[in-house]
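A.B. asks: We have chain V; now place chain R onto it with these hints.
Each chain, letter by letter, is given below.
There are 2 protein chains.
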Amino acid sequence: MRKSLFLACLFTATLNTLAQTPKQQVRQYWQKNQTQLIEEYRNFLRIPNVSADSANIRKNAAFIMQMMQQRGIPAQLLEGTAPGTSPAVFGEINTPGATKTLIFYAHYDGQPVNPKQWTGGLQPFDPVFITAPVEQGGTIVSTYKPGDAIDPNWRLTGRGSADDKAGVMTILNAYDALVKSGIKPTVNVKFFFEGEEEVGSTHLADIFRKHRSKLASDLWIIADGPRHVSGKKLVSFGVRGDVNMHLTVFGPKRPLHSGNYGNWAPNPAQRMVSLLASMKDDEGKVLVKGYYDDVTPLTASEKRAIANLPDMEPALKKELGIAKPDGGGASFANLMMVPTLNINGIQAANVGAMAGNIIPTKAEAVLDLRLVSGNTVQRQTDRILNHIRNRGYHILDRDPTDVERQQYDRLIKVSSKTGYNAQRTPMDLPIAQLVVNAVQSTEAEPIVLSPSSGGSLPLYVFEQELNARVVTVPVVNYDNNQHAENENMRVGYLWDGIETMAAIMLLK
Amino acid sequence: MRKSLFLACLFTATLNTLAQTPKQQVRQYWQKNQTQLIEEYRNFLRIPNVSADSANIRKNAAFIMQMMQQRGIPAQLLEGTAPGTSPAVFGEINTPGATKTLIFYAHYDGQPVNPKQWTGGLQPFDPVFITAPVEQGGTIVSTYKPGDAIDPNWRLTGRGSADDKAGVMTILNAYDALVKSGIKPTVNVKFFFEGEEEVGSTHLADIFRKHRSKLASDLWIIADGPRHVSGKKLVSFGVRGDVNMHLTVFGPKRPLHSGNYGNWAPNPAQRMVSLLASMKDDEGKVLVKGYYDDVTPLTASEKRAIANLPDMEPALKKELGIAKPDGGGASFANLMMVPTLNINGIQAANVGAMAGNIIPTKAEAVLDLRLVSGNTVQRQTDRILNHIRNRGYHILDRDPTDVERQQYDRLIKVSSKTGYNAQRTPMDLPIAQLVVNAVQSTEAEPIVLSPSSGGSLPLYVFEQELNARVVTVPVVNYDNNQHAENENMRVGYLWDGIETMAAIMLLK
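In order, the protein sequences belong to chains V and R.
For the first sequence, the working numbering begins at 11 and goes up steadily by one.
For the second sequence, the working numbering begins at 11 and goes up steadily by one.
Source of the hints: derived by calculation from the structure; they are not laboratory data.
These numbers come from a predicted model, not from an experiment.
Careful, some of the hints might be misleading.
Copies of the same chain look alike in the list, so a pair counts if it fits in one copy or across any two.
Straight-line distance between alpha carbons at most 20 Å, and here's what the computed PhoX-like set of lysine-lysine pairs gives [as the list claims (entries may be wrong)]:
{"id": "1", "residue 1": "K295", "residue 2": "K427"}
{"id": "2", "residue 1": "K224", "residue 2": "K110"}
{"id": "3", "residue 1": "K334", "residue 2": "K295"}
{"id": "4", "residue 1": "K33", "residue 2": "K518"}
{"id": "5", "residue 1": "K518", "residue 2": "K299"}
{"id": "6", "residue 1": "K126", "residue 2": "K427"}
{"id": "7", "residue 1": "K190", "residue 2": "K42"}
{"id": "8", "residue 1": "K220", "residue 2": "K518"}
{"id": "9", "residue 1": "K33", "residue 2": "K194"}
{"id": "10", "residue 1": "K263", "residue 2": "K334"}
{"id": "11", "residue 1": "K334", "residue 2": "K33"}
{"id": "12", "residue 1": "K423", "residue 2": "K334"}
{"id": "13", "residue 1": "K263", "residue 2": "K328"}
{"id": "14", "residue 1": "K518", "residue 2": "K224"}
{"id": "15", "residue 1": "K69", "residue 2": "K110"}
Chain V with its partners taken away, still in its complex shape (with noise of 0.2 Å):
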């Protein structure tokens, strides 16, 4: 380039520039580097990402790794302690004259995935752009080739598209956004992405430990989970907590036909259903003793925020099929702020084409236990195995011995897998509050703001290893068929994402 042309582009971008906010600049950004960002987005959705999968969960982060490094930001992987621990991935960039630094969190892998489930032609680790969800009747866009128009209501197909691979490449290309157009952050950031979140973050603490001085911050930036029911933008301030407990209930030791022992020989499946019975009321208020006692007024902002939440329980029961919800009349938001019991699953013997008319040997169930603030998972699961006590059982953590079946008449095993507590960040904290304002500035409509929302991550981690505080900033849309078959995120929110991460490095 001759000298003096490039003194005019330089005048131009210069010019350009100038004219135009951050926020305008930031949707340049994308609007130019659609095709890029896209194929981009592609070949790491191309890569297989199933948490158990180490050979290639350490691809992705290598590809993250390379993400990072095109973006100017210096990358390491963080490994665990333990042989086999997927490592973080982990980059820093100082902003000379930042006070405050922020920590950007995502996560890399994926669920598992059964291809077979996969309907409309669709693919776990082949993303293409799909109109509309294939359960809301979408098909393949097959006429696309890079540097076509995109719709930004059009999907991107693929585990990980919306969970949680949709957060890093937010992240990434807010920064890069925010580099390209000449814009500094006014914080400190610091990256980090998890790669065993879908395996309950099994190794996460341990990194934390391992890496605690390389992690000092203000605050965490959750990019995870979906935006709001209704569409708008959310800022969470906290989660509900979560344990299992796997329970089977023992009948004889062989299945006996129901005709010749039928009346005799107790059926294990009727002690299951009783016992679960006994357990919540016909409008799903837990009965199980103490359950509601410890759990942590709201406070006066909280309570705020969930009258002004969006009220969504009409377009969901249509949705759903629902004619009336459970919890008596209370709304949907404050239902998300009290401790829940569910079946997840039961089963004894077959159903269908496959029963047989037997007294089954065993009936199972797993129950999950969702956690608000003031319960702890030992406290909520006491509770559950004292109400199991007091219905008559023996309680073991293993199949019974001949001797204590001839011993106890009702045995039950029951297995917790670890749980974790719920965690909230009080809605008034300074920093947090700035992000709030970040986000909003990127909307005319007044955002979203959660005490915590119903489902859960192990955000007690954060706090308890690294005494940290966090806010969860979703980016995806809510139907994304997260965990499951189909999984998709909506274009137009890619861009929103990248626009909302690049105001919150922007924050004031």
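C.D. replies: Below, chain R alone, put in the same frame as chain V:
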């Protein structure tokens, strides 16, 4: 053979005959012919007999015809009206001067098999001897070759070995034992071997109607089911009726994240457990209104028979690992005389490693209702339907429409397969008493008389279509793994069964 030797042999045979009771002669028959009887039985068991396998079912029927013809019994197939009906095999021997006619019934079809479930080296259609049930540590008698001595405690394995080719073999060989010993039955003997019992005797009524003229009798002898649990011989005067109900409770139209919707979206598994729990108390008593109302009271002879039944409860409790049976202290035998409500199976979503943190879309259960004298299928299923309705459910016979989902809070699909009523023969029926005497004549110890077995057979069809009387005289061991893998028959009971059936053919 030279004439003098022939005469000498004849003389010896006659002397033997003169010196022996018919019972002894029948015993001598099976003792002399063990190898041949077992090899013929094994050839029979090698022909697959799963009810739905029409081609092989007809090969079984042909094999039976051949066995009958070899024994001098003119045999024919009784075909049904509908195409695809498996035929019954029929034969008839008139005894000059006889005033009574007995029809001996067994069925030659068997339950489906899953060869992968068979253990200890056993295969469904490759009959071998085992030293004891595989589940009790029995192993294949690999050294056995035809001609070797056969231990009566050995089991002969294979689908149908117990249920119910054993019935066919004992009936035909009992008749043969008499004929070969030069003994005439005291009754006219008819033979009826069904080919569709394991699929609900779908066309039995049709075959009865079509061939009614051939099937006149004073009594049917049903050679099916196991001997008493005590090992004693049994004459049973009735069966419970049976009907299944399939229930599906509906939840949200798609599986929901248990965190994001928990406490708000009704869980169909919770509703199903609540519904099923409401049907029975903790001791197994059915709480459905009127469930026990129309039970016919036991007659004096039935009560007496029940009081005389051997008490197997201590042994059963130990074997099955049951500390306290249902029934509030009522005896096993009395509990078989009242209707049941059994959960055959229940399922919603998944348990174990496949369980997800979701609110399932539906919960399914299969109920088995056993009926006793006085009950009808219609009234008993109506009571269940009323109970469900009184719990607030709108009942459908198909999946709900979107409009119905909006309209009704509680939706359930209920389908009932065709069932049948109980059947009971009066215990003091004179000809049945003659049968009891005949069976008792083969044993030193008192045999067991039961007013009704706990299990079910469509014996009501015999009464309804033929105005017939029926008693059941089982021949096989109770631990025969009927309907399941590793089916087997204790060889000693084959010999016992031949003696029993022969004694009945000689009833006085």
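A.B. asks: Checked against the structure, which of the hints given earlier come out wrong?
C.D. replies: 1, 5, 6, 8, 11, 14 and 15
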